[in-house]
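Asks: Assemble chain D onto chain C, guided by the hints.
So the sequences go chain by chain: C and D. Numbering follows my numbering, with no gaps: position 319 of the first sequence is 318. Numbering follows my numbering, with no gaps: position 95 of the second sequence is 94.
Simulated from the structure, these hints should not be mistaken for lab results. Hints may be right or wrong, so weigh each one.
Derived pair list, reagent style DSBU-like, types lysine-lysine, alpha-carbon separation capped at 35 Å [what the hints assert, rightly or not]:
(1) K226/C / K351/D
(2) K69/C / K86/C
(3) K351/D / K26/C
(4) K32/C / K129/D
(5) K26/D / K15/C
(6) K129/C / K15/D
(7) K27/C / K226/D
(8) K26/C / K15/D
(9) K27/D / K26/C
(10) K391/D / K124/D
(11) K15/D / K124/C
(12) K44/C / K69/C
(13) K86/C / K27/D
(14) K129/D / K129/C
(15) K26/D / K129/C
(16) K86/C / K226/C
Number of protein chains: 2
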Amino acid sequence: MDNFNFYSPTEFVFGKDRENEAGELIKKYGGTKALVHFGGNSAKKSGLLDRVTASLASAGVEYVLLGGVKPNPRDTLVYEGIEICRKENIDFIISVGGGSVIDSAKAIAAGAVYEGDFWDFYSGKAAIEKALPVATVLTIAAAGSEGSGDSVVTQEKTGLKRGAGSSALRPRFSIMNPVLTFTLPPFQTACGAADIMAHVFERYFTNTLEVEITDRLCEAVLATMVKEAPRVIADPCNYEARANIMWAGTVAHTNICGVGRSQDWNSHNIEHELSGLYDVAHGAGLAVIMPAWMEYVMPHNPMRFAQMANRVFGCHMNFERPEETAINGIRAFRRFLKDLGLPINFEELGAKEEDIPVLVKNFGIGEGRTGGFVALSAEDIANIYKIAANAKL
Amino acid sequence: MDNFNFYSPTEFVFGKDRENEAGELIKKYGGTKALVHFGGNSAKKSGLLDRVTASLASAGVEYVLLGGVKPNPRDTLVYEGIEICRKENIDFIISVGGGSVIDSAKAIAAGAVYEGDFWDFYSGKAAIEKALPVATVLTIAAAGSEGSGDSVVTQEKTGLKRGAGSSALRPRFSIMNPVLTFTLPPFQTACGAADIMAHVFERYFTNTLEVEITDRLCEAVLATMVKEAPRVIADPCNYEARANIMWAGTVAHTNICGVGRSQDWNSHNIEHELSGLYDVAHGAGLAVIMPAWMEYVMPHNPMRFAQMANRVFGCHMNFERPEETAINGIRAFRRFLKDLGLPINFEELGAKEEDIPVLVKNFGIGEGRTGGFVALSAEDIANIYKIAANAKL
Chain C
0 MDNFNFYSPT
10 EFVFGKDREN
20 EAGELIKKYG
30 GTKALVHFGG
40 NSAKKSGLLD
50 RVTASLASAG
60 VEYVLLGGVK
70 PNPRDTLVYE
80 GIEICRKENI
90 DFIISVGGGS
100 VIDSAKAIAA
110 GAVYEGDFWD
120 FYSGKAAIEK
130 ALPVATVLTI
140 AAAGSEGSGD
150 SVVTQEKTGL
160 KRGAGSSALR
170 PRFSIMNPVL
180 TFTLPPFQTA
190 CGAADIMAHV
200 FERYFTNTLE
210 VEITDRLCEA
220 VLATMVKEAP
230 RVIADPCNYE
240 ARANIMWAGT
250 VAHTNICGVG
260 RSQDWNSHNI
270 EHELSGLYDV
280 AHGAGLAVIM
290 PAWMEYVMPH
300 NPMRFAQMAN
310 RVFGCHMNFE
320 RPEETAINGI
330 RAFRRFLKDL
340 GLPINFEELG
350 AKEEDIPVLV
360 KNFGIGEGRT
370 GGFVALSAED
380 IANIYKIAAN
390 AKL
Chain D
0 MDNFNFYSPT
10 EFVFGKDREN
20 EAGELIKKYG
30 GTKALVHFGG
40 NSAKKSGLLD
50 RVTASLASAG
60 VEYVLLGGVK
70 PNPRDTLVYE
80 GIEICRKENI
90 DFIISVGGGS
100 VIDSAKAIAA
110 GAVYEGDFWD
120 FYSGKAAIEK
130 ALPVATVLTI
140 AAAGSEGSGD
150 SVVTQEKTGL
160 KRGAGSSALR
170 PRFSIMNPVL
180 TFTLPPFQTA
190 CGAADIMAHV
200 FERYFTNTLE
210 VEITDRLCEA
220 VLATMVKEAP
230 RVIADPCNYE
240 ARANIMWAGT
250 VAHTNICGVG
260 RSQDWNSHNI
270 EHELSGLYDV
280 AHGAGLAVIM
290 PAWMEYVMPH
300 NPMRFAQMAN
310 RVFGCHMNFE
320 RPEETAINGI
330 RAFRRFLKDL
340 GLPINFEELG
350 AKEEDIPVLV
360 KNFGIGEGRT
370 GGFVALSAED
380 IANIYKIAAN
390 AKL
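Just chain C, same shape as in the assembly:
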């Protein structure tokens, strides 16, 4: 096990009707005037936004509204949010929505107290050292941003999708009411499930030996998803299944599933170019990329894939030929994703094989290599896109 720090100071406020506590919680964490950040009309139509603002009002917390966050949140709205925070003396940001809204809120929080251009954080020019306090009212189980210090934003003029992270961005509190996810359409629900599982897989495939506790915690989240995701697709208003998935999504990404070990993250990076070029849902892109990446890198450590296949998908463990068990596990994962209604190749996703050179160029590693489990070259990445383009059950 490698040395590590684990710090997850967010207060998770989980269960039915908890959004009505938003105002009191902001007050408890020192906020007096909040930016309420949200996405499209669903938060308005459902009455959720009204309930949250009513809670703020009754706690005596002033607020300014800023909606309009799109999936793959844009820098343009972040600049607008920063302006509002400065002009209105905002001292707290609460996001009402899914990962994109939270990520946009985090970018605003960091940018509002920074003299330079907030994109400096996302282009790697500067590190985030402070931020306005952020909180969330989560409506989609997927990104894990409600419990993480990470944020991903897309630069509108270039299409570049880049991430930044800091413990200063970890939400003070996150309100998680599974009922709010009942109305999420099946496709988006499935995309969320793929994203949650990918967050675990990126941490599971490691070169660090002897990390039984973290392996087992990873497998706990994955096995939960294997059980609960099909249930929720079949029965969208099943509170228990929604609740298990929502909490699994948080556990998947606080980094308790990744401490003390090398992590990979190539599947996320390879997918980011897909959602950057085609504006497809991140989870759908992951469903196409992740099994392809697994097939390509499996020979690096067949036993690790075999362990996953055995413990998560219940595949028979062939100790003499673990690569067989590994392949069965990867197949089981792809079938599982397909059964959830997700795409498994470029055609189903709406991507084109002939664009692979563009995707690889946008990835932009040149002659370098990247990835904590297997260090991949541009050629390797092109090969993974090719596997993904033509994947079948």
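Replies: Same frame as chain C, but now just chain D:
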């Protein structure tokens, strides 16, 4: 799943040599003058106390030493610590030791800023609302107190062992260097393993349905202990096994294994009377009580015990007669404890069957019932002591 709040704001600083960061960490969390609280001579002899105080000195943090904490920490030393904190204007408490030292430090932290008698918190007369900030340098993997808001103290004149809890008691940081546990004797190592597993079992046996994610997280910790505890008994300086156990002990007790569900805690309460009367190690008492409690309450929900038997101890699942699988799992657990070198009945523990009426009287529930999984009467508790008294493999 029940509504819940989960809040674990401790920064865990894990790995080799991390105790040398104690001073900088105290400064980061606002401390200027610390009480360094410890137990017996081992912290001095090993040089650990010197390393910690050198780290404080080099960070410019003043300190006062207070040693002498015994297992099952006493109120008398807590009163002494409170006096020192007030007289010396201490603004931070760092414990160097295991669960007893941490629990004593937490009691001092709460008492130092309270006008009344700190025992009010432990006798249930008052709730802890504030405390001096506490941190830990952990030397024993067992109690989980390094990541919890709980504390247990024994009143010397009565022998009463009572607990108190508050998020104000959650450590600001906990330094966890597995190397510090290398010198722990096998028996104490085994007692720690039993305590860690008991913390999970108390949460695992629940009447809340449909908590797959929490079940799986519990099983992750238990399976890790089943693998790693025998390794560390056989090879006490195995860093990887010590590291897995140390982190498992924290995960077992932050309450991530217990959120959203009813919990039991009768085994702990039943054991407390044993260590109160005989001053035996808490983990040794748990090794005697926990399987006895399991046998007695198993008929309440055989399938839950069968699930544990199957997923943790690999017992064959008999869906038609889950009670058979359950019994096999409880037997496997008792054999596991015995193989670690722990007592499994009263004689091996140093307790006497004829004292059972005294133990039940000290338990003090009168005509009431207690326990979140199965509500037990005084008669039930006597029956469990009887099973424990005469248990065999």
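Asks: If a hint holds in the structure, say so; if it does not, say that too.
Replies: To see whether the hints hold, each was checked on the structure:
1. At most 35 Å may separate the alpha-carbon atoms for a hinted pair to count; K226/C and K351/D exceed this at roughly 47 Å.
2. The suggested pairing of K69/C with K86/C holds, with an alpha-carbon distance near 24 Å, which does not exceed 35 Å.
3. Under the criterion of a C-alpha separation no larger than 35 Å, the hint pairing K351/D with K26/C is inconsistent with the structure, at around 55 Å.
4. For the given pair, K32/C sits about 26 Å from K129/D by alpha-carbon distance, which is consistent with the 35 Å threshold.
5. For the suggested pair K26/D and K15/C, the alpha carbons sit about 40 Å apart, so the restraint of at most 35 Å is broken.
6. Distance hint between K129/C and K15/D is fulfilled; the C-alpha atoms sit about 29 Å from each other, no more than 35 Å.
7. Between K27/C and K226/D the alpha-carbon distance is near 43 Å, which puts this suggested pair outside the 35 Å criterion.
8. As the CA atoms of K26/C and K15/D are separated by approximately 40 Å, the hinted pair breaks the 35 Å bound.
9. Distance hint between K27/D and K26/C is fulfilled; the C-alpha atoms sit about 25 Å from each other, no more than 35 Å.
10. Only pairs whose Cα atoms come within 35 Å are accepted, and K391/D paired with K124/D is rejected, the gap being roughly 41 Å.
11. Straight-line distance between C-alpha atoms of K15/D and K124/C comes to about 32 Å, which keeps the hinted pair within the 35 Å bound.
12. Our distance criterion of 35 Å between C-alpha atoms is met by K44/C and K69/C, whose separation comes to about 17 Å.
13. A distance of roughly 31 Å separates the Cα atoms of K86/C and K27/D; the hinted pair therefore holds under the 35 Å criterion.
14. A C-alpha spacing of about 26 Å is found between K129/D and K129/C, which places the hinted pair at or below 35 Å, so the restraint holds.
15. Of the supplied pair hints, the one linking K26/D and K129/C holds, its CA atoms being roughly 18 Å apart against a limit of 35 Å.
16. Annotation: proposed proximity of K86/C to K226/C is violated, straight-line Cα distance about 48 Å (limit 35 Å).
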